[in-house]
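There are 2 protein chains.
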Amino acid sequence: MNVSSRGVKAQASPIRRLAPYADQAVRSGRKVYYLNIGQPDIPTPEIVMERIRTYPGKYVPYSPSGGIPEFVEAMSRYYAQHGLEVAPKEMITTVGGSEALQFAFWALFNPGDEVILFEPFYTNYATMALLAGVDVKPIPCDGRTGYHLPPIEAIERAAGPRTKGILLCAPSNPTGTAYTAAEVDAICDLAKRLDLWIITDEAYREFIYDGMKHESPMTRPAVAERVVLVDSISKRLNMCGARVGTLVSKNAAVREAALKFAQARLSPPTLGQWAAAVIDKVPASYTQSVVAEYRKRRDLVLDGLAGIPGAFARKPEGAFYLMAELPVADAEEFVIWMLKEYKKDNATVMVAPGDGFYATPGRGKNEIRFAYVLEADALRKSMDILKGALEAYPVKVAP
Amino acid sequence: MNVSSRGVKAQASPIRRLAPYADQAVRSGRKVYYLNIGQPDIPTPEIVMERIRTYPGKYVPYSPSGGIPEFVEAMSRYYAQHGLEVAPKEMITTVGGSEALQFAFWALFNPGDEVILFEPFYTNYATMALLAGVDVKPIPCDGRTGYHLPPIEAIERAAGPRTKGILLCAPSNPTGTAYTAAEVDAICDLAKRLDLWIITDEAYREFIYDGMKHESPMTRPAVAERVVLVDSISKRLNMCGARVGTLVSKNAAVREAALKFAQARLSPPTLGQWAAAVIDKVPASYTQSVVAEYRKRRDLVLDGLAGIPGAFARKPEGAFYLMAELPVADAEEFVIWMLKEYKKDNATVMVAPGDGFYATPGRGKNEIRFAYVLEADALRKSMDILKGALEAYPVKVAP
Chain A
1 MNVSSRGVKA QASPIRRLAP YADQAVRSGR KVYYLNIGQP DIPTPEIVME RIRTYPGKYV
61 PYSPSGGIPE FVEAMSRYYA QHGLEVAPKE MITTVGGSEA LQFAFWALFN PGDEVILFEP
121 FYTNYATMAL LAGVDVKPIP CDGRTGYHLP PIEAIERAAG PRTKGILLCA PSNPTGTAYT
181 AAEVDAICDL AKRLDLWIIT DEAYREFIYD GMKHESPMTR PAVAERVVLV DSISKRLNMC
241 GARVGTLVSK NAAVREAALK FAQARLSPPT LGQWAAAVID KVPASYTQSV VAEYRKRRDL
301 VLDGLAGIPG AFARKPEGAF YLMAELPVAD AEEFVIWMLK EYKKDNATVM VAPGDGFYAT
361 PGRGKNEIRF AYVLEADALR KSMDILKGAL EAYPVKVAP
Chain B
1 MNVSSRGVKA QASPIRRLAP YADQAVRSGR KVYYLNIGQP DIPTPEIVME RIRTYPGKYV
61 PYSPSGGIPE FVEAMSRYYA QHGLEVAPKE MITTVGGSEA LQFAFWALFN PGDEVILFEP
121 FYTNYATMAL LAGVDVKPIP CDGRTGYHLP PIEAIERAAG PRTKGILLCA PSNPTGTAYT
181 AAEVDAICDL AKRLDLWIIT DEAYREFIYD GMKHESPMTR PAVAERVVLV DSISKRLNMC
241 GARVGTLVSK NAAVREAALK FAQARLSPPT LGQWAAAVID KVPASYTQSV VAEYRKRRDL
301 VLDGLAGIPG AFARKPEGAF YLMAELPVAD AEEFVIWMLK EYKKDNATVM VAPGDGFYAT
361 PGRGKNEIRF AYVLEADALR KSMDILKGAL EAYPVKVAP
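So the protein sequences, as listed, match chains A and B. The letter at position 22 of the first sequence is residue 22 when you use our numbering, and the numbering goes up by one with no holes. The letter at position 283 of the second sequence is residue 283 when you use our numbering, and the numbering goes up by one with no holes.
Everything labelled a hint here was simulated from the structure, so no lab data went into it. Note that CB positions come from ideal geometry on N, CA and C, so glycine has one too. Hints are not guaranteed to be accurate.
If you anchor each label on the Cβ, the simulated ranges turn out as follows [to be verified]:
id, chain 1, residue 1, chain 2, residue 2, range
1, A, P283, B, P283, 42 to 52 angstroms
2, B, T287, A, M1, 26 to 36 angstroms
3, A, A306, B, P20, 54 to 64 angstroms
4, A, D384, B, T287, 53 to 63 angstroms
5, A, K31, B, E70, 32 to 42 angstroms
6, B, T145, A, D23, 47 to 57 angstroms
7, A, R27, B, T287, 31 to 41 angstroms
8, B, R363, A, P283, 30 to 40 angstroms
9, A, D195, B, T54, 30 to 40 angstroms
Throw the hints in and build the complete structure from the sequences for me.
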């Protein structure tokens with residue numbers, strides 16, 4: 001009586017698997033600054049929270065498998081506000097972006113197919129691929145060039161006969177990289193040439209800094225039928241726990257398959273959809289102030305890193321993550337040590353070890369991922385703790 | 001550029017795929033009585049609804065991947081109230097019972113393994129199996145004996161070298177059958193002898209009539225390590241749209257695998273868990289009155305069927321479904337005809353065609369499934385409409 005191979009092979013989340021060490025630190029009386037997980041501390045728009053408090057139902061019924069029409073229509077208007085033409089019928093509401101991704105893997109690929117991911121990548125992509133029987137083809141990106149894409153020839157060389165798709169997360173979790181129009185054009189062109197699907201994960205669409213513009217494969221007509229957009233309200237409404245996302249496709253066959261998967265799990269969450277059915281009415285000022293806040297936080301983390309000998313990070317353009325090199329040989333050991341052994345003013349910091357975001361063995365060992373989701377003062381304290389921890393860390397790496 | 005084989009093979013839900021015909025009937029001005037889907041009209045307990053309206057957060061954060069501790073602890077006490085010993089650590093909170101089932105298929109079986117289902121079965125089991133690469137081995141049960149299990153020797157003969165598990169839904173959706181202690185004992189004994197997993201879907205645990213007692217494989221110590229309980233708050237709290245369920249196992253390896261799958265999709269819905277974290281405090285009188293109401297409705301449907309020449313159903317013991325034979329050759333055609341062509345007092349009825357609940361080709365063609373989820377007056381009218389429709393139906397079946 002053994003569990004399945006996929007049950008054994010699936011990787012524990014590098015973002016969540018160290019939680020027991022953090023729990024122990026809290027039980028021992030220390031404060032933990034959590035920079036390991038994309039769970040922001042910013043309030044949800046009041047117009048949305050008010051709908052939860054005034055939910056009019058006497059019970060909580062299933063929603064249609066593809067989503068509540070009012071929510072889907074609001075999302076369509078929201079997309080128009082962001083320059084994307086998406087009709088309500090081109091959308092399937094999902095249980096967060098996670099399920100949209102799962103549906104995309106199921107709908108687009110057969111077991112044994114291969115999908116290109118740019119490394120480092122959001123770690124759950126690998127588990128979702130495993131659960132769909134799909135192999136991951138990681139293409140390394142270099143932190144020294146801000147994890148931007150390698151030359152398109154390098155990507156083309158990596159594609160083989162089993163390669164059926166490319167997954168782009170833009171702006172990227174975990175690197176914060178926002179791809180340029182030229183990069184997105186090149187990916188679309190390659191996908192067309194090699195007959196590949198494009199999955200584009202745009203959960204952080206609005207979170208772009210320093211005047212850069214979000215670029216989406218969805219706006220490239222030449223690949224309209226081969227793009228699947230995976231999306232989520234989690235970050236833009238600070239409703240990660242509502243579990244509401246969308247799968248968008250202009251391809252009727254893809255939507256038909258996804259709708260059958262959606263019917264098999266019956267319904268996405270009704271309360272979250274009900275609350276978020278005003279997403280198109282959230283004032284632009286809300287998003288602007290959130291984005292400004294994140295930009296400030298990003299700069300605080302970068303300032304902190306600049307003061308740590310041997311640490312390195314290039315300024316990322318978007319999302320609320322960044323990867324940094326630390327002067328340690330094994331970042332996971334260092335993170336566990338911070339949680340188990342270190343404190344400054346009775347507090348410590350939790351970040352995610354970098355190697356969990358790589359599929360290539362050995363890569364990312366000296367990197368960590370920050371989710372800069374705490375307010376400025378907590379971030380300043382966190383960076384100070386990190387600096388102190390690196391000074392106190394007994395395991396020295398050869399210079 | 002083709003979608004995947006599983007995208008093509010997945011079956012559209014027989015419960016939901018006729019929805020466009022019903023929508024059209026509504027648009028044309030007719031009233032439709034929906035008896036096709038297990039979406040009850042009974043209010044959620046006030047103690048639960050009140051928590052939604054007083055949700056204290058300023059935003060809606062992720063919950064832990066395995067569930068909010070307060071919810072998990074409340075479920076543990078709820079299980080104790082129902083004679084099941086389940087420690088909080090033996091439970092993983094899921095996105096409805098659907099996801100618990102998906103996790104069980106992923107954790108227990110490898111692609112190519114086979115699982116025994118008793119036919120007719122809840123149709124989404126087949127899609128979940130397909131998406132896990134698992135084959136379904138249907139074992140027919142006979143409506144004339146209330147869809148109770150065939151002799152254990154027949155089940156044993158059907159098991160082959162690839163058979164790795166048995167799935168029991170008790171009481172059953174779609175038949176309403178509640179299995180006896182002897183039936184459950186025999187299944188447990190067989191599972192032990194043939195080294196099989198047992199998945200037990202108990203979403204309808206409380207819905208048992210006429211003094212029968214719910215029997216669960218979870219209470220049989222001899223199979224404690226091989227049972228996975230798939231469960232949901234949807235029906236017992238009338239919160240189908242909250243999307244909160246549980247996977248329960250005494251087997252640490254199963255839980256470890258399921259927790260990794262849970263981490264990959266981050267979090268079950270926070271609002272539903274928050275609301276349902278008082279499930280152990282819902283007064284027993286609530287459940288008693290709900291069960292009494294369903295028993296009354298079951299009897300109304302049976303009374304109605306008794307007045308229809310050529311219709312047949314044995315009285316089921318539980319859940320809020322029943323399967324009935326109708327005097328038609330193709331029940332799906334009849335259901336579509338009712339939605340497209342028939343009206344009585346400007347109303348019609350939607351039920352689910354029976355063949356969607358069978359894997360064996362040709363079976364169930366003359367059956368329909370009722371979900372008796374409407375109040376007494378609507379049910380009486382529905383049965384009257386059904387009777388009239390059968391009289392008016394132009395396609396006659398040979399007697």
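Checklist entry - Okay, which hints does this one fail, numbers in order? => result 5, 8 and 9
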